[in-house]
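Chains as they are written, first to last, in my numbering: chain A, -4 to 99; chain B, -1 to 204.
Not one of these hints is a red herring.
Once the Cα atoms are required to be at most 30 Å apart in a straight line, the calculated DSS-like pairs of lysine-lysine come out as: (1) B:Lys88 - B:Lys24; (2) B:Lys24 - B:Lys167; (3) B:Lys24 - B:Lys92; (4) A:Lys63 - B:Lys88; (5) A:Lys9 - B:Lys88; (6) A:Lys9 - B:Lys167; (7) B:Lys24 - A:Lys9; (8) A:Lys63 - B:Lys92; (9) B:Lys92 - B:Lys167; (10) A:Lys63 - A:Lys9; (11) B:Lys167 - B:Lys88; (12) A:Lys63 - B:Lys24; (13) B:Lys92 - A:Lys9.
Derived by calculation from the structure, the hints in this document are not laboratory data.
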Amino acid sequence: MTTIAEEKHEGMGKYLIVYLCILALAGLQFVIAYQNISASQMFRRMLSVSLIEAGVAVMFFMHLWSEKRGFLLFVVVFTIFVLLSMQFGWTDSFRLVHCGGYCS
Amino acid sequence: MSQADITMQGHSAGMLTDRPFAIPTKKLAMWLFIIADTMTFAACLVAYGFLRNGTPNWPRPFHSIVNVAVMTFILLTSSLTMLVGVQTAKRGDKAGAFRWTMITALCGIVFAVLHIREWLGLIGEGMTLFKNPWGTGLFGAAFFSVTGLHITHVLCGVIALIIVGLRYKGGRYHADDIEVVGLYWHFVDLVWMFVVPFVYLLNLAH
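Using the sequences provided together with the hints, build the complete structure.
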C-alpha cells in the first residue's frame, strides 16, 4: 500500500525546520496580542498568521504537498469554497453592535 | 454475454477497485473526515466570531498567557513526535514507533489536564455556560463550546493513538495505520492554531 507521499523519502531535518517555523509563527501571535492596535487590526494580523501556520502544517506535517496534485486541488479548493461561503453573515453582526438589532 | 455486458462489467470492476487519487482507502477516509470536521470547527468559530463582534460588552477575562502558551507548545511538539513516530513506523522499527506514538498520547494527556485545570479555574471565578462576572453571559457558552469541542477531539485522539499504537505493536496494524491516526492528530493541532488567537489572545485583559 504505497503512496506518492511514502515513496518520497524525507528526513527528519526538514520536519524540524517546519516545526520551528510553526513554533515561531505561534510565538508571533502572542507578540501581536500585546501590540497596542485596534481589535480589527489585531484580528486581521492573527488571522493572517494562523492561515500561514495552518497552510504549512497541512502541506508538510500532513504531507498534502507530496500527494497527487489532483488531490491537493480537491482538498484546497473544496475546503476554501465552503469556508468562504460561511462568511455571509458578518454584516449582520455589525448591524447588531451598531444599532442594537433595530435598524435595517 | 454480449460485448457491451463485458465492457460494462469491466468498467464497474474498475470503478470499484481503483483507488481515487492513488491514496489508500483508510487515508482517503481520514482526509474526508478531516474536511468534514473542518467545517464543524469553522461553523463554531464563525458563530463565536459573530457573537463576539455583535456584542458590545464582550468579556476579556484572560490575564496571563502562560498557561495557553505552554498548552500550545505541548500540542505543537506532539505533532513533531507524531511525525517521528510515523517515520519510525515506515522504517519498520515497531518498538520505536510505539514509543513515539505513546509519547504523543502523553503530550495529549498533559494538554488535556492543563486545559481542564484552566476550565476549573474559570468555573471557580464564577463562569458558567450562561453567566460570568465580567460581561455578557454568551461568553461562557461560546468559550466552553469551542474549547470543549477541541478537547473532545484531543481526548478521542489520545484514545485512538493508544489503541492504534498497541495494535501496531501487536502486529494487527501496519505503518499506514499509524500514518492515518497521525493525520487526525495533526488536524487537532491545526485547529488549536485558530482557537488560541481568536478565543484566548483576542480576549486578553489589557
